[in-house]
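Trainee: All letters in the sequence shown, in the order written, are residues 86 to 564 by our numbering.
Fair warning: there could be bad hints in the mix.
[Unchecked claim] In silico DSS-like links for lysine-lysine, alpha-carbon gap of 30 Å or less:
{"id": "1", "residue 1": "K493", "residue 2": "K460"}
{"id": "2", "residue 1": "K143", "residue 2": "K191"}
{"id": "3", "residue 1": "K410", "residue 2": "K378"}
{"id": "4", "residue 1": "K495", "residue 2": "K328"}
{"id": "5", "residue 1": "K169", "residue 2": "K502"}
{"id": "6", "residue 1": "K360", "residue 2": "K410"}
{"id": "7", "residue 1": "K526", "residue 2": "K493"}
{"id": "8", "residue 1": "K375", "residue 2": "K357"}
{"id": "9", "residue 1": "K202", "residue 2": "K458"}
{"id": "10", "residue 1": "K561", "residue 2": "K502"}
{"id": "11", "residue 1": "K410", "residue 2": "K493"}
{"id": "12", "residue 1": "K142", "residue 2": "K395"}
{"id": "13", "residue 1": "K495", "residue 2": "K526"}
{"id": "14", "residue 1": "K410", "residue 2": "K458"}
{"id": "15", "residue 1": "K458", "residue 2": "K561"}
{"id": "16", "residue 1": "K169", "residue 2": "K395"}
{"id": "17", "residue 1": "K378", "residue 2": "K460"}
{"id": "18", "residue 1": "K410", "residue 2": "K202"}
{"id": "19", "residue 1": "K378", "residue 2": "K493"}
{"id": "20", "residue 1": "K238", "residue 2": "K189"}
{"id": "21", "residue 1": "K142", "residue 2": "K190"}
{"id": "22", "residue 1": "K499", "residue 2": "K395"}
{"id": "23", "residue 1": "K460", "residue 2": "K205"}
{"id": "24", "residue 1": "K510", "residue 2": "K499"}
{"id": "25", "residue 1": "K238", "residue 2": "K129"}
{"id": "26", "residue 1": "K142", "residue 2": "K460"}
{"id": "27", "residue 1": "K378", "residue 2": "K129"}
{"id": "28", "residue 1": "K487", "residue 2": "K561"}
{"id": "29", "residue 1": "K526", "residue 2": "K360"}
{"id": "30", "residue 1": "K335", "residue 2": "K458"}
{"id": "31", "residue 1": "K395", "residue 2": "K139"}
{"id": "32", "residue 1": "K526", "residue 2": "K510"}
{"id": "33", "residue 1": "K335", "residue 2": "K375"}
[To be verified] Per label pair, the in silico range of CB-to-CB distance:
{"id": "34", "residue 1": "P235", "residue 2": "T132", "range": "19 to 29 Å"}
{"id": "35", "residue 1": "A481", "residue 2": "D441", "range": "54 to 64 Å"}
{"id": "36", "residue 1": "K551", "residue 2": "K493", "range": "48 to 58 Å"}
{"id": "37", "residue 1": "K124", "residue 2": "A481", "range": "55 to 65 Å"}
{"id": "38", "residue 1": "D399", "residue 2": "K357", "range": "52 to 62 Å"}
{"id": "39", "residue 1": "N457", "residue 2": "K136", "range": "54 to 64 Å"}
These aren't lab readings, by the way, just hints derived from the structure by calculation. These figures come from a predicted structure and were not determined experimentally. Built from N, CA and C at the ideal position, the CB exists for glycine as well.
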Amino acid sequence: MKKTIFCISNLFLTAAFFATVHSTDQSFESFYPENYSTKNITDKECTEEIKSPKQTKKWTIMVYMAADNDLRRYAIQNIEEMLKIGSTNYANMIIHLDIRENQKKKVTHRYFVEPNKLTKLNTQSNEQCMDSGAPETFIGFCKQAIQLFPAEKYAVIFWNHGTGPLDPYRSKILNPNNFFKYNPNNDVLEIDRSLAFFDSIEEESTLSAIAPKPEGRGICFDDSTRNYITNAKLDTCLEQVRKEALNNAKFDIVGFDACLMSGIEIANIVKKHSKIMIASQEIELAAGWKYDKILQALQQANVSAESLSKTIVDIYRHAYNPITKDLTLSALNMDAIQHIENNINIVSQLLNSALDLQNEQSVITQLKDCRNKHKCTQFEEPSYVDLGHLYKNLAAATNSMKLVDAEKEKQFHKDFKLAISEGLKLIDQSIIDIYTGGNIKEAKGISIYFPEKRIHNSYPYTPFAKTNNWINLLPKYFK
């Protein structure tokens, strides 16, 4: 889920934010803007239209804002941030916006963002009502933006709710109003980890709800159409844009201003289509990324993809570290992902074999201890654990894993230690930059789905699960 929304009482406002607003440039309004209206942005529209290609710049940034849902106020807020700086001499800021005007009529707008000014890409596209959960909407937006705003480098940002590699039983995401709570001892917001993300969603589901779609996780939820972009759709979206608009070249950056998306399963898809992925292992506050600060960085010439990704992570760090110690953001090098997947495959095979030959349940005992929530970093969805922290625990536990055959045990220890050591190096090499709050400081930037009781029925349909031995290890863990 993007950007978690939380309700705040007057007492909360007084206690929680009186101190924090003095230590950061964030205000209470930025976390829960009550005075919002689409008029705030439509007043910035000009009568011009853009129909012919502009001069090539260094960057074109495309933000796909699926805001026909409970995040509409934050879409307006983020666009207002963009308007403070606008497109620069070196970068174009283009947005696709699906939103319900003042909670009534749904509209679709596509804008070129300039300082305090929004220019429509063309009248026809702005008069249509589109489905943000449909691949053709995303593909059409990117093709139009790339055609009209050619650049040396391209970034696309998915802006909405995210659910990681799992697909919820509902096409409409639940607002987790109680996921954040105020800690008066240190004046920060903390995630209430007694509330499991998917349990909270699925407790609201009924047998009559829309049936689960076994295609993978979801992002870009559209309340009007009850549609969203699944795993398969995400792959299709990015692949078609590459083929039809980028001459098969990769995006320089694919970003997710959304919750829970920095998992190996998501990177498995993005690696084919982008050089860098930016995403959070944890849920996000609804205010999301700080687009004015990002555009400020793009006022400089020759900003590389790596430099921009580091800047986005650093901006996130400075925006939220004074407010909460429970957030993360990672910039990952997609060239490293296949190597990490291969390593997970080897680790899974070794553990599978060791479980078959274990002496007195020693392997499963150590595996459960390594995955235990008190020892291994997990997130608001507790079935998502940090891969690096898990590997670190497994490295320390290897000698305690005993097999019935002494020679096979010796070989297993040798092979397993080597595989885990290589895996930790690969994870470290994949990190371009990472921010982790103090409460989850052991997080290394990449999550993996590791449930404790059962496999969610959508997970086997993810591309990662279809090709990796990891999913074969999980049933043995449950026994």
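Trainee: Would you mind marking each hint as holding or not holding in the structure?
Mentor: Against the structure, the hints come out as follows:
1. K493 <-> K460: holds (28 Å)
2. K143 <-> K191: violated (34 Å)
3. K410 <-> K378: It holds: about 21 Å lies between the C-alpha atoms, which stays within 30 Å.
4. K495 <-> K328: violated (50 Å)
5. K169 <-> K502: violated (52 Å)
6. K360 <-> K410: holds (29 Å)
7. K526 <-> K493: Violated: K526 and K493 sit about 36 Å apart, past 30 Å.
8. K375 <-> K357: Between K375 and K357 the Cα gap is close to 27 Å, so the pair holds against 30 Å.
9. K202 <-> K458: This hinted pair is violated, its Cα atoms lying about 49 Å apart.
10. K561 <-> K502: Roughly 21 Å between the alpha carbons, so the hint for K561 and K502 holds.
11. K410 <-> K493: Judged against 30 Å, a Cα distance of about 44 Å means the pair is violated.
12. K142 <-> K395: Distance of about 21 Å is within 30 Å: holds.
13. K495 <-> K526: Not satisfied, since the Cα-Cα distance of roughly 33 Å exceeds 30 Å.
14. K410 <-> K458: Satisfied, since the Cα-Cα distance of roughly 18 Å is no more than 30 Å.
15. K458 <-> K561: holds (19 Å)
16. K169 <-> K395: holds (22 Å)
17. K378 <-> K460: violated (36 Å)
18. K410 <-> K202: violated (36 Å)
19. K378 <-> K493: violated (56 Å)
20. K238 <-> K189: violated (37 Å)
21. K142 <-> K190: violated (35 Å)
22. K499 <-> K395: Outside the cut-off at roughly 37 Å; violated.
23. K460 <-> K205: Not OK: K460 and K205 at ~52 Å, beyond 30 Å, violated.
24. K510 <-> K499: holds (17 Å)
25. K238 <-> K129: holds (27 Å)
26. K142 <-> K460: With a Cα-Cα distance of about 48 Å, the restraint between K142 and K460 is violated, given a limit of 30 Å.
27. K378 <-> K129: holds (20 Å)
28. K487 <-> K561: Distance ~17 Å between K487 and K561 Cα, so the pair holds.
29. K526 <-> K360: OK: K526 and K360 at ~26 Å, within 30 Å.
30. K335 <-> K458: violated (37 Å)
31. K395 <-> K139: At roughly 28 Å apart (the allowed maximum being 30 Å), K139 and K395 satisfy the hint.
32. K526 <-> K510: Holds, at roughly 18 Å.
33. K335 <-> K375: holds (25 Å)
34. P235 <-> T132: 19 to 29 Å: holds (25 Å)
35. A481 <-> D441: 54 to 64 Å: Because 23 Å falls outside the window, the suggested range is violated.
36. K551 <-> K493: 48 to 58 Å: This hint is violated: roughly 30 Å between Cβ atoms.
37. K124 <-> A481: 55 to 65 Å: Hint holds: Cβ distance 58 Å, inside 55 to 65 Å.
38. D399 <-> K357: 52 to 62 Å: For K357 against D399, whose Cβ atoms are near 27 Å apart, the range 52 to 62 Å is violated.
39. N457 <-> K136: 54 to 64 Å: With a Cβ separation near 59 Å, N457 and K136 satisfy 54 to 64 Å, so the hint holds.
When the structure is compared with the earlier hints, violations turn up for hints 2, 4, 5, 7, 9, 11, 13, 17, 18, 19, 20, 21, 22, 23, 26, 30, 35, 36 and 38 and for no others.
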